[in-house]
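Chemist: Read top to bottom, the protein sequences are chains H and A. Numbering (this note's numbering) for the first sequence: 1 to 323. Numbering (this note's numbering) for the second sequence: 1 to 331.
Hint data in this document are derived by calculation from the structure and do not stem from the laboratory. Ideal placement from N, C-alpha and C gives every residue a C-beta, glycine not left out. Among these hints, one or two may not hold up.
Each pair of labels, with its calculated beta carbon distance range [said to hold, decoys possible]:
{"#": "1", "chain 1": "H", "residue 1": "R308", "chain 2": "A", "residue 2": "G313", "range": "26 to 32 angstroms"}
{"#": "2", "chain 1": "A", "residue 1": "P256", "chain 2": "H", "residue 2": "L36", "range": "51 to 57 angstroms"}
{"#": "3", "chain 1": "H", "residue 1": "P293", "chain 2": "A", "residue 2": "G313", "range": "39 to 45 angstroms"}
{"#": "4", "chain 1": "H", "residue 1": "D164", "chain 2": "A", "residue 2": "V275", "range": "56 to 62 angstroms"}
{"#": "5", "chain 1": "H", "residue 1": "Q50", "chain 2": "A", "residue 2": "P192", "range": "34 to 40 angstroms"}
{"#": "6", "chain 1": "H", "residue 1": "K251", "chain 2": "A", "residue 2": "A311", "range": "39 to 45 angstroms"}
What follows is each chain in one-letter form.
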Amino acid sequence: MVEVTLIEASRRAALQEMRRDERVWVLGEDVARGGLWGQYKDFLGEFGEQRVVSTPISESTIMGAGLGSALVGMRPIIEMRIFDFVMCAMDELVNQIAKIRYMFGGQAKPAVVVRMPHGMWRNSAAQHSQMLEAWFAHLPGVIVVTPSTAEDAAGLLVQAIRSDDPVLFFDPKDLFGVPGNIADPIEPIPFGVARRAAEGDAATVVSWSAAMPVATKGCEMLAAEGIKVDLLDLRTIWPWDEAAVIASVKKTGRLLVVHEAVEVAGFGAEIVATVVDRLGPANIKAVKRLAAPRIPIPFSPPLEAEVRVTPEKVVGAVKRLIA
Amino acid sequence: MSDPGDNLRRLTDLYRTMTRIRAFEETALEAHKAGEIPGPLHVSIGQEAVAAGVCANLRIDDRITSNHRGHGHAIAKGAEPKRMMLELFGRQGGYCRGKGGSMHIADFSVGMLGANGVVAGGIPIAVGAAQGLKMQGSDAIATCMFGDGAINRGPFLEGLNWAVLYKLPVLFVCEDNGVAAFTRAESVTAGPGVIDRAKALGVAAITVDGNNAMSVDDAAAAAVAAVRRGDGPHLLHVRTYRITGHTSTDAAAWRPAEEVTEARSRDPIARLGAVLAERGVGPTELGKMIEDAKAEMAAARSEANAAPWPAAGIAYEDVQDTGAVAWSKSH
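Let the sequences and hints guide you as you build the complete structure.
Modeler: This is the structure:
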């Protein structure tokens with residue numbers, strides 16, 4: 001085991017897989033220089049300019065060329081630099097990558113990984129801060145990965161690169177410096193298996209990505225007051241670990257979903273609706289979502305802070321839930 | 001092609017391919033009119049020389065991407081009309097298991113990476129296929145068929161720029177039928193057009209008479225050879241004419257009748273037929289090729305009409321491996 005930051009853990013995961021499988025290549029802006037976040041540092045020297053391709057700022061073609069290479073047997077890591085730029089490649093992602101296997105009757109499995117560093121980070125304002133993972137959970141044909149720890153970022157990235165399904169990998173920008181312990185070799189972590197971060201009977205708290213450490217801190221504050229909750233990190237929101245969440249809510253009767261994305265039509269709505277549907281309202285005492293208001297992410301620190309979920313808000317929400 | 005016998009055989013093959021494409025689409029139009037084919041149907045009647053002339057120069061391991069008007073590209077690349085027709089009908093046995101239809105014919109076994117319902121959608125895919133082939137050390141190439149409307153979309157600029165940067169083995173074919181859906185392409189395209197745009201990015205580009213199968217064949221032969229030997233991307237601007245409307249239900253009545261009549265006089269099949277006749281191919285032989293093509297497509301239509309519909313459960317297959325069927329169905 002070695003202690004590294006989340007971004008270094010994911011760098012080592014990609015490095016391991018590129019050594020393991022020469023069909024894996026990475027394309028995106030500045031990747032030959034190590035990538036915007038250092039997630040491909042030293043890749044160029046080891047793998048050369050055919051497999052580590054710094055591209056023009058041409059998001060449609062970064063996405064579409066990655067797909068085209070997959071159709072002839074390559075396994076691209078498509079780097080979007082910052083999630084928000086994927087809007088320039090939505091045809092290639094939504095109409096092409098997500099559809100091509102189905103639309104052609106299974107003739108092709110587009111084994112692509114699309115990496116999209118997302119979320120609020122150092123006051124980057126409305127076009128560099130979004131969390132729109134729920135959009136993609138709504139899109140048939142793709143996997144949606146939303147890790148919050150170094151261990152999960154590494155293991156899920158290995159799984160993503162080995163997957164024959166297209167995987168949308170949401171790197172959590174704000175957590176890149178968070179340390180964790182990773183093994184060598186890095187073992188894949190299966191999609192759709194939640195991680196239990198705390199155990200208790202008072203309520204079930206579900207979270208993922210950058211909101212997860214916030215939820216964790218809130219739950220620690222609650223524990224200090226003697227309120228113990230089940231805390232689940234979904235790790236992937238499609239597929240999501242329905243069974244684990246339902247089993248927990250069956251026990252606690254109370255559910256809080258915490259995410260950084262906008263609350264309206266966020267993935268929390270899907271979780272709450274599913275749980276109520278499966279368990280029946282009679283078996284549930286209370287449900288609640290804690291997420292962002294439906295406003296763009298503002299720039300100024302106090303304004304941005306207004307949008308964020310906080311440990312204090314988690315404490316308040318759980319207390320209202322169990323009142 | 002120095003041997004006159006070889007040359008005659010090649011022209012005969014081009015003629016046969018074109019008559020098969022024409023017969024396929026005329027049969028499909030009739031079937032659509034009769035209510036046998038659901039959904040939109042975009043035919044390329046009048047444009048057959050483009051598909052035939054370009055694909056005659058491709059190997060089976062060369063890849064192509066195509067657009068919404070792609071039946072001809074698929075047939076010329078080697079796809080089976082019978083399985084295409086089954087797909088158009090939405091029946092079992094079609095190329096895409098009833099999930100694609102006319103706009104999404106693909107046959108990966110012959111290098112046909114799919115027709116695309118989004119204008120210019122195939123350009124980045126072809127560029128990436130070429131990049132993958134280059135990484136693999138293959139001498140196969142990718143060819144990208146798109147229309148005049150596609151040159152006004154961003155992926156055209158991005159894809160050509162990209163292909164030059166990485167010196168990729170890709171042939172761009174702009175199949176210019178003069179009309180983007182219901183709008184004359186020239187009325188929505190600034191500047192001198194596709195050739196100048198390509199040259200500005202350093203892509204070798206020439207214009208070809210797309211209603212002359214021999215011209216297309218010759219130009220494609222030279223371009224494919226250059227692309228295959230590693231000279232980087234090339235572009236063919238192939239000028240043709242769409243005799244029919246945008247879709248099977250569009251009469252394209254906005255066009256002056258004389259314009260269509262004039263275009264019919266340049267019908268690429270009749271033109272190549274005249275050349276073959278001059279070189280001694282008799283009317284019986286030419287007629288037989290047309291009749292054979294019609295019979296093949298009529299049989300495909302009958303078979304498609306008789307074929308069973310796909311079972312409803314097939315709707316849940318081919319989505320993705322992870323989770324498989326369980327979570328794609330609502331409970």
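Chemist: Does each hint hold? Answer for all of them.
Modeler: We went through each hint and held it up to the structure:
| no. | hint | in the structure |
| --- | --- | --- |
| 1 | H:R308 to A:G313: 26 to 32 angstroms | violated (45 angstroms) |
| 2 | A:P256 to H:L36: 51 to 57 angstroms | holds (55 angstroms) |
| 3 | H:P293 to A:G313: 39 to 45 angstroms | holds (43 angstroms) |
| 4 | H:D164 to A:V275: 56 to 62 angstroms | violated (49 angstroms) |
| 5 | H:Q50 to A:P192: 34 to 40 angstroms | holds (35 angstroms) |
| 6 | H:K251 to A:A311: 39 to 45 angstroms | holds (40 angstroms) |
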